[in-house]
Amino acid sequence: MPQVPRIAYLIEPRFPGGTSSAVAAELRAVEPLVRPVVHDARSAMFPDRPPARALADALSDLALPLRDGNGPVSADMVVVHNPAFLKFQTGLGQPIYCRDLVVVTHENFLRPGNVEAFDIGKCLEALDRASLSLNKWLAPVSPSNRETVAGWLATAKPAMRWRLAPSDWFNVIDHPRMRPKSDPRDRRGRLSRPGWEKFPAPADLDLCFPATAEANVILGADHLLKAGIARPHWRLLPFGTLPVASFFDEIDFLVHFTAPGWRESFGRVLAEGIAAGKVVLSDPETAANFGGAVIGCQPGQVDALIGHYVAEPAAYSDQVLRAQTLLERYSPAAFRRMLTSFRAPERRMAA
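Using my numbering, read the sequence shown as starting at 36 and increasing by one per residue.
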């Protein structure tokens, strides 16, 4: 049986949305296997924001202190989530000593059109300079995310010592599985952190959330509200003003599209919608990460698809239950198996 490494996390705990929720769920999954040490990489990206609620709750529940960012970070494996937090500073500010440095790439390195998502080289160089490690891994969160990281690595300067991780560092989804409704209605919703890149054009929003729907709940609509983009049939709510469980209680269909220049690296909220017993629709590229658990379509096809599932409750139930079965690949047990065998491919090659 592979030996469990000593693990330390170096995280920016103030990320809103999916990054902090993913780290929180990961800590809960890892703690029964090995007790991690968690370090605060306080960054210039979020100078005045408190830690995200989901992450603060996980640290409290697990009695894991969040160590300040002044001392060295040392373990067999050091995990850094989302290197984008370094893009507004020149260095890390604390040394890292480990066998394996794992940088989890929550954001796609390349956006549609092969445009670099942020100054990736700068962020990775800061981690490279700060660390003394045998292996430096870039760990994608999904197959589509892996493609963008591999594409970026193929053109990175030769001095970069980063390698693509042997397996995906997937999100842990451990939400209770809710039964699908036996009488679904045309109640639609959308949830994401604020940001223009997270939203499609207003014309596509109109297709996804029309006046003919019984309900259209958009949580995380801060930018729409600020810009005065509203419709009488939309319920627009700022991010964090409605508990996620209450949001899912108000809808039967989760509809999630983004701006043309942005693509979800995984789409954690889509998995949460599946666990909540909803039929989930998104663009084909994002849906492909979920192997059929998410319905891939275009905004213009949403109305017909929802109409089908409202008219055929058995098909609605079948889609939800099948999708929930596919979520098992993201279970805490599956993550622990991945973690304990993380370096197995390297050992086989060395043999």
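A portion of the hints provided could be inaccurate.
In silico lysine to aspartate or glutamate, EDC-like type, Cα no more than 16 angstroms apart, as pairs [said to hold, decoys possible]: (1) Lys-216 / Glu-142; (2) Lys-122 / Glu-182; (3) Lys-192 / Glu-142; (4) Lys-171 / Glu-151; (5) Lys-192 / Asp-154; (6) Lys-192 / Asp-163; (7) Lys-233 / Glu-320; (8) Lys-122 / Asp-96; (9) Lys-122 / Asp-103; (10) Lys-122 / Asp-92; (11) Lys-216 / Glu-320; (12) Lys-171 / Asp-218; (13) Lys-122 / Glu-66; (14) Lys-216 / Asp-163; (15) Lys-122 / Asp-111; (16) Lys-233 / Asp-163; (17) Lys-233 / Asp-257; (18) Lys-171 / Asp-257; (19) Lys-216 / Glu-347; (20) Lys-233 / Asp-111.
Across the chosen pairs, the derived CB separations fall in these ranges [claimed, not checked]: (21) Leu-68 / Gly-326: 47 to 57 angstroms; (22) Ala-246 / Ala-91: 50 to 60 angstroms; (23) Ser-217 / His-268: 31 to 41 angstroms; (24) Pro-107 / Lys-157: 47 to 57 angstroms.
No wet-lab data here; the hints were simulated from the structure. For glycine and all other residues, C-beta sits at the position ideal for the given N, C-alpha and C.
Hints, one by one, checked against the model:
1. Lys-216 / Glu-142: Violated: Lys-216 and Glu-142 sit about 33 angstroms apart, past 16 angstroms.
2. Lys-122 / Glu-182: With a Cα-Cα distance of about 22 angstroms, the restraint between Lys-122 and Glu-182 is violated, given a limit of 16 angstroms.
3. Lys-192 / Glu-142: violated (20 angstroms)
4. Lys-171 / Glu-151: violated (21 angstroms)
5. Lys-192 / Asp-154: holds (13 angstroms)
6. Lys-192 / Asp-163: holds (13 angstroms)
7. Lys-233 / Glu-320: holds (15 angstroms)
8. Lys-122 / Asp-96: Not satisfied, since the Cα-Cα distance of roughly 31 angstroms exceeds 16 angstroms.
9. Lys-122 / Asp-103: Violated. Lys-122 to Asp-103 sits at ~20 angstroms, over the 16 angstroms cutoff.
10. Lys-122 / Asp-92: Roughly 27 angstroms separates the two Cα atoms, so the pair is violated.
11. Lys-216 / Glu-320: Distance of about 27 angstroms is beyond 16 angstroms: violated.
12. Lys-171 / Asp-218: violated (51 angstroms)
13. Lys-122 / Glu-66: violated (30 angstroms)
14. Lys-216 / Asp-163: Measuring from Cα to Cα gives roughly 50 angstroms; hence the hint is violated.
15. Lys-122 / Asp-111: Judged against 16 angstroms, a Cα distance of about 26 angstroms means the pair is violated.
16. Lys-233 / Asp-163: Distance ~30 angstroms between Lys-233 and Asp-163 Cα, so the pair is violated.
17. Lys-233 / Asp-257: holds (11 angstroms)
18. Lys-171 / Asp-257: Violated. Lys-171 to Asp-257 sits at ~38 angstroms, over the 16 angstroms cutoff.
19. Lys-216 / Glu-347: Roughly 12 angstroms separates the two Cα atoms, so the pair holds.
20. Lys-233 / Asp-111: This hinted pair is violated, its Cα atoms lying about 36 angstroms apart.
21. Leu-68 / Gly-326: 47 to 57 angstroms: Since the Cβ atoms of Leu-68 and Gly-326 sit about 26 angstroms apart, the hinted range of 47 to 57 angstroms is violated.
22. Ala-246 / Ala-91: 50 to 60 angstroms: Once the Cβ atoms are compared, 40 angstroms apart, the range 50 to 60 angstroms for Ala-91 and Ala-246 is violated.
23. Ser-217 / His-268: 31 to 41 angstroms: violated (26 angstroms)
24. Pro-107 / Lys-157: 47 to 57 angstroms: violated (22 angstroms)
In this structure, the hints that do not hold are numbers 1, 2, 3, 4, 8, 9, 10, 11, 12, 13, 14, 15, 16, 18, 20, 21, 22, 23, 24, in rising order.
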